[in-house]
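**Q** Sequence:
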Amino acid sequence: MEVEYSAVTVPYFQRRVKRALLGQADVKRGFEFADSTADWWEMVKSNVKDLAIEHSKRKNKEYDDEFTALCKKLQGNPSDAEAVVKLKALLDKKSEGAKVRCRMSFLDQQGRPSKMFAEERKNAEDRHIDAVETPEGYITSDPQRIGDVYVDFYRELFSKKDVDIELQGEFSASLETTVNTPISAGLEEPITSKELFAAVKAMAPNKSPGSDGLPREFYLKCWDFIGADLLELYNESLVRGSLSPSQRVAVVTLLHKKGDRRKPANKRPISLLNTDYKILSKAMSMRMSKALPDISNDHQTGAVKVRGIHHNLLMLRDIVAFISSRDMGGAIVSLDLEKAFDRVDHQYLFSVLEKFGFGPNFV
Numbered sequence: 000m001e002v003e004y005s006a007v008t009v010p011y012f013q014r015r016v017k018r019a020l021l022g023q024a025d026v027k028r029g030f031e032f033a034d035s036t037a038d039w040w041e042m043v044k045s046n047v048k049d050l051a052i053e054h055s056k057r058k059n060k061e062y063d064d065e066f067t068a069l070c071k072k073l074q075g076n077p078s079d080a081e082a083v084v085k086l087k088a089l090l091d092k093k094s095e096g097a098k099v100r101c102r103m104s105f106l107d108q109q110g111r112p113s114k115m116f117a118e119e120r121k122n123a124e125d126r127h128i129d130a131v132e133t134p135e136g137y138i139t140s141d142p143q144r145i146g147d148v149y150v151d152f153y154r155e156l157f158s159k160k161d162v163d164i165e166l167q168g169e170f171s172a173s174l175e176t177t178v179n180t181p182i183s184a185g186l187e188e189p190i191t192s193k194e195l196f197a198a199v200k201a202m203a204p205n206k207s208p209g210s211d212g213l214p215r216e217f218y219l220k221c222w223d224f225i226g227a228d229l230l231e232l233y234n235e236s237l238v239r240g241s242l243s244p245s246q247r248v249a250v251v252t253l254l255h256k257k258g259d260r261r262k263p264a265n266k267r268p269i270s271l272l273n274t275d276y277k278i279l280s281k282a283m284s285m286r287m288s289k290a291l292p293d294i295s296n297d298h299q300t301g302a303v304k305v306r307g308i309h310h311n312l313l314m315l316r317d318i319v320a321f322i323s324s325r326d327m328g329g330a331i332v333s334l335d336l337e338k339a340f341d342r343v344d345h346q347y348l349f350s351v352l353e354k355f356g357f358g359p360n361f362v
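So in numbering that gives the first Met the number 0, the last one in the sequence shown is 362, and the numbering has no gaps at all.
Hints were generated in silico from the structure; no laboratory data involved. The C-beta atom is built at its ideal place from N, Cα and C for all residues, glycine as well. One or more hints might be untrue.
As the list claims (entries may be wrong) - Ranges of calculated distance between the beta carbons of each label pair, as one might list FRET restraints: (1) D64 with V84: 16 to 22 Å; (2) L334 with A227: 28 to 34 Å; (3) T177 with I318: 47 to 53 Å; (4) G136 with D64: 25 to 31 Å; (5) D147 with N296: 40 to 46 Å; (6) P204 with E53: 22 to 28 Å; (7) L348 with W222: 29 to 35 Å; (8) C70 with I138: 51 to 57 Å; (9) I318 with F170: 36 to 42 Å.
Stated by the list, open to error - Simulated pairs of lysine-lysine, DSSO-like, Cα-Cα distance not exceeding 30 Å: (10) K60 with K289; (11) K206 with K58; (12) K206 with K160; (13) K60 with K72; (14) K159 with K60; (15) K289 with K304; (16) K56 with K160; (17) K44 with K87; (18) K48 with K200; (19) K17 with K220; (20) K58 with K93; (21) K281 with K220; (22) K58 with K220; (23) K72 with K48; (24) K193 with K56; (25) K44 with K281.
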C-alpha cells in the first residue's frame, strides 16, 4: 500500500509518526548491540506503513459517515442548499484524491476525460503481457513459460560478461584528467543532513514509491524527526558497504518501446526503487556533479551543469556549414549502444573513477 500524499500532509498523521519514532528509541539502542541500525529502520518503515493503513481506514469511515448523513439529509429536504454545497465539496475532495492516486494531475475541470482513459488504457496495454516469442522462435501464451522467458532474458542481459582486462588497463592509463583535489577531498566526507534534505527537495514530486509505499512527500513533511535517523543509517551503510534489505529491492515493470510486443528485447524495464534509497543516490549524485566539469570533455554536455545539449547541435550546424562552404566531403555518424547502461562492467567503472581521482569512500 502506498502512503498517500493527503496522509503525510495531515498534522495528526505526522504527530503519530513522530510518537512512533520516539517510542522506538529504546528499541533502536537495542539494535545497536545487534546487527545494525538498518534492521531498526526496516521495522520503523513497517510501523509507518501500518499507521498509514490505519489512518486511511479512519478517513474512509469518516467520509462514508459524512456522505451517508448528507444523503439522508437531502432525502428529507432536497432544497437544503447548505447540504448540497457540503456534498459537492465532499465529492470534489474524493475526486481530487483519485486523480492524485492515478497520477492524472493534468486532468482539471477543463480536461478531457477521454484523454485520461485513453492514457490509462495505453498504459495497461503496455504492461500486459499475454504472449512472448521464445528463444527458439515460437510464440507461447503459457503464463509459466512467459515468466521463464523473461527471467532468462534479463538474467542473461544483466549478468557479468567476459571483458578484456588488458584493453581496459590501456584505456584507463590514457586518462589524464583528474578531479580537483579540494573537491575530491569533499567527496570523501560523511554525508550531511543538509545534503540529504537538499536531495529530498530536489526530487520530483508525486512519483510512485517502491515496495515500502513511502513517497518523497513523507520524507519531506516528516524530515524534522526522521532526518537524524536517516543520516545515521546512511553513514553506517557507507561504512559497512551494504544498504538495508528494502533499499536493495526494486519492483520492475516492463514497458513496450517499439516493434513486436512479443519480443522481450522490445520491452524497457522500469524499476520502482524505494525512496530512502533514491534520497542517498540523489545526494551522492549531487556531490559528484561538482566534479564532472573537471573530468568531462568539453564536448560532453549531457548531465554536466552549466552545459547544454544545444551546444552540440550548434557545433554540428557549424561543422556542416564549414564543410559545405569549402565543398569538402564528410559524413555524420550517430552511434546508439544497445542497453549501454546495462552493459558497463562495474569493476571497470570503479577503476575509471579511481583513475579520475575519486577516493575509496566515494567509490
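**Q** Run every hint past the structure and note whether it holds.
**A** Evaluation of the provided hints:
no.: 1; hint: D64 with V84: 16 to 22 Å; verdict: 18 Å, holds
no.: 2; hint: L334 with A227: 28 to 34 Å; verdict: 47 Å, violated
no.: 3; hint: T177 with I318: 47 to 53 Å; verdict: 30 Å, violated
no.: 4; hint: G136 with D64: 25 to 31 Å; verdict: 60 Å, violated
no.: 5; hint: D147 with N296: 40 to 46 Å; verdict: 44 Å, holds
no.: 6; hint: P204 with E53: 22 to 28 Å; verdict: 25 Å, holds
no.: 7; hint: L348 with W222: 29 to 35 Å; verdict: 32 Å, holds
no.: 8; hint: C70 with I138: 51 to 57 Å; verdict: 52 Å, holds
no.: 9; hint: I318 with F170: 36 to 42 Å; verdict: 26 Å, violated
no.: 10; hint: K60 with K289; verdict: 50 Å, violated
no.: 11; hint: K206 with K58; verdict: 22 Å, holds
no.: 12; hint: K206 with K160; verdict: 34 Å, violated
no.: 13; hint: K60 with K72; verdict: 18 Å, holds
no.: 14; hint: K159 with K60; verdict: 52 Å, violated
no.: 15; hint: K289 with K304; verdict: 8 Å, holds
no.: 16; hint: K56 with K160; verdict: 50 Å, violated
no.: 17; hint: K44 with K87; verdict: 36 Å, violated
no.: 18; hint: K48 with K200; verdict: 22 Å, holds
no.: 19; hint: K17 with K220; verdict: 11 Å, holds
no.: 20; hint: K58 with K93; verdict: 11 Å, holds
no.: 21; hint: K281 with K220; verdict: 18 Å, holds
no.: 22; hint: K58 with K220; verdict: 19 Å, holds
no.: 23; hint: K72 with K48; verdict: 36 Å, violated
no.: 24; hint: K193 with K56; verdict: 35 Å, violated
no.: 25; hint: K44 with K281; verdict: 20 Å, holds
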